[in-house]
Amino acid sequence: MNTKKRFKWLIITGVVILIGLSLGTIGYMYTQVTAFENVFAENVYIEDLAVGGLTKEEAKAKLEQTISDQISKQILVFTNEERSLEVPFTDLGITYNINETLDKAFNVGRDENFFTKYDIAKNGLETKQVFELSRSIDESKIDDALKTCADKFYVEPINATLERKNKQFITTKEVNGVALDISATKEKALAILNEITDSDAHKIEVEAVMEEVIPEWTAHSLQDVQTLVSSFSTSYNNASANRNENLKVASKKITRMLLPDEVFYLSNQLEPFTAKEGYKNAGTIVNGKIEDSLGGGICQVASTLYNAVLLTDLEVVARQNHSLTVSYVPLGRDATYNTGTIDFKFKNNSNYPIFIESYCENNQVIVNIYGHKSLKSEYDIKFESKITEVIPAPATKYEDDATLDEGKEVVETTAIDGKRVNLYKLYYKNGVLEKRVLVNSSYYRARAAVIKRGTKKVIADKTNEVADNSTNINSTSGTRIDTSSNQSGGNINLNPDHVESTTLPSTSTQSEIDRTESLNTLDDFAIIQN
1 MNTKKRFKWL IITGVVILIG LSLGTIGYMY TQVTAFENVF AENVYIEDLA
51 VGGLTKEEAK AKLEQTISDQ ISKQILVFTN EERSLEVPFT DLGITYNINE
101 TLDKAFNVGR DENFFTKYDI AKNGLETKQV FELSRSIDES KIDDALKTCA
151 DKFYVEPINA TLERKNKQFI TTKEVNGVAL DISATKEKAL AILNEITDSD
201 AHKIEVEAVM EEVIPEWTAH SLQDVQTLVS SFSTSYNNAS ANRNENLKVA
251 SKKITRMLLP DEVFYLSNQL EPFTAKEGYK NAGTIVNGKI EDSLGGGICQ
301 VASTLYNAVL LTDLEVVARQ NHSLTVSYVP LGRDATYNTG TIDFKFKNNS
351 NYPIFIESYC ENNQVIVNIY GHKSLKSEYD IKFESKITEV IPAPATKYED
401 DATLDEGKEV VETTAIDGKR VNLYKLYYKN GVLEKRVLVN SSYYRARAAV
451 IKRGTKKVIA DKTNEVADNS TNINSTSGTR IDTSSNQSGG NINLNPDHVE
501 STTLPSTSTQ SEIDRTESLN TLDDFAIIQN
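For the sequence shown, the working numbering assigns the number 1 to the initial residue and increments by one for each residue that follows.
Watch out, some of these pointers could steer you wrong.
[As the list claims (entries may be wrong)] Computed spacing ranges between beta-carbons, pair by pair:
id, residue 1, residue 2, range
1, 235, 313, 24 to 30 Å
2, 426, 147, 37 to 43 Å
3, 90, 221, 30 to 36 Å
4, 179, 424, 46 to 52 Å
5, 202, 152, 20 to 26 Å
6, 362, 151, 26 to 32 Å
7, 457, 362, 50 to 56 Å
8, 281, 152, 47 to 53 Å
9, 436, 277, 39 to 45 Å
Everything labelled a hint here was simulated from the structure, so no lab data went into it.
Where is the CB? At the ideal position from N, CA and C, for every residue including glycine.
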């Protein structure tokens, strides 16, 4: 009985132990499986990153850091035969499906039974499972990158040009340019980026697709802009060789082609006024007086060009008349220039290039404008200079001069009446005036005569007095006038365009006035207003 009882207890004890062991094992297994629920299975990889035993958050952080490190080291290189440009991957808007891939990798083994899950949790997967990330690229970022690159690859086309030599046109052929074909290059880059599998690749090269750029104006198209649409000339004499040389230099400098919508700046063509550029010292009006300066006389070229422009419908942007009247063009049709303050500008507002030809020949400054036949006016163009006001010259100014003999007077500056002038452009067709358009309003200042009077005492030689008087009347190159009636300070108004010599009666009290300037031969290249 005791033996049976002991055996029974042994059985019970064994069963209890077995149950305990089983419960312990199952508990351990449960603990392992439960822990596995929060981490990736061992032997699971995302790309090259082992994520086994990591939580989703840990795996995501490591994966993002790995991708960031990888992208920061990679560059996309656009190349062609002449240059290459690098674009960092960080500028391409590249993203990866990290969350989606993490979910797929995390689900490995989740659908298995309890014991299989325990086996995976304890031993990992029997075979390595690798999950690849898919790459997405923001195409707008590639567009932005390529647009930035485009300027670097761009080679500007060169328009054909025109020249005139020996009164014949010479055409220089155009040169084609090249530009980056953004659309084609983007498609090429996307195809290459989508095929990349090597995460260690540092430089990914893409051959840039280039396209030819044809210039706007070719040698062929310039054949259509060789019609003479206007011509104007002004005359000059040989009184000043330096001034005449300045006219030739300036004429050559303004000869050029002007593209549509381009503005012609006289300053850009003529400056700098230096001897190196060929300019000579010649007469210039400064504050109403004649002074020598480099480039004196060039306003005649500006005025000639202005009149050639007026004969067309080209747009005058800026024009200023001289402060005093000039003789080589009618009133209101002159254009002056002063460095930094006054410029002559006009715009080619036609749809075609124009060509400005300027040269000196037979004592004339000639300006021809060539362009498309559509620029040639259908009207006969004439002009009307209407004086709206005459401003009398101020009273003559007398200045004592100790270097002149007493009784002698020298005209330092002639008197000129001021004028206000309206210039009208008249459009005739078949001899009938069809319209009259105000072109400009000009104001020319009045100027007082300035006469220097000698104060140096001279001992009279009566035996030679008659002979001296006769010599003074006939040999001086200046103009002599009788000032005995003007000693009260009235005006001496010498017309600058024509001053008559006057023979004085031998019985009169005589004063000699030497005319030292002539506005027929001197031009105000630079006007400095008072």
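Now for the hints, and whether the structure bears them out:
At about 26 Å, the CB distance of residue 235 to residue 313 agrees with the hint of 24 to 30 Å. Checked against the hint of 37 to 43 Å, the pair residue 426 and residue 147 fails, with Cβ atoms roughly 53 Å apart. The supplied range of 30 to 36 Å is broken by residue 90 and residue 221, whose beta-carbon atoms lie about 46 Å from each other. A C-beta distance of roughly 49 Å is found between residue 179 and residue 424, which places it inside the suggested range of 46 to 52 Å.
Against the hinted window of 20 to 26 Å, the Cβ-Cβ separation of residue 202 and residue 152 comes to about 21 Å, which satisfies the hint. In this structure, residue 362 and residue 151 break the distance hint of 26 to 32 Å, their C-beta atoms being roughly 51 Å apart. Evaluation of the 50 to 56 Å hint for residue 457 and residue 362 yields a pass: the beta carbon distance comes to about 51 Å. Checking the proposed 47 to 53 Å range against residue 281 and residue 152 shows it holds: the Cβ atoms sit about 49 Å from each other.
Residue 436 and residue 277 have their C-beta atoms about 41 Å apart, which keeps the hinted 39 to 45 Å range intact.
In this structure, the earlier hints numbered 2, 3 and 6 are contradicted, and the remaining ones agree with it.
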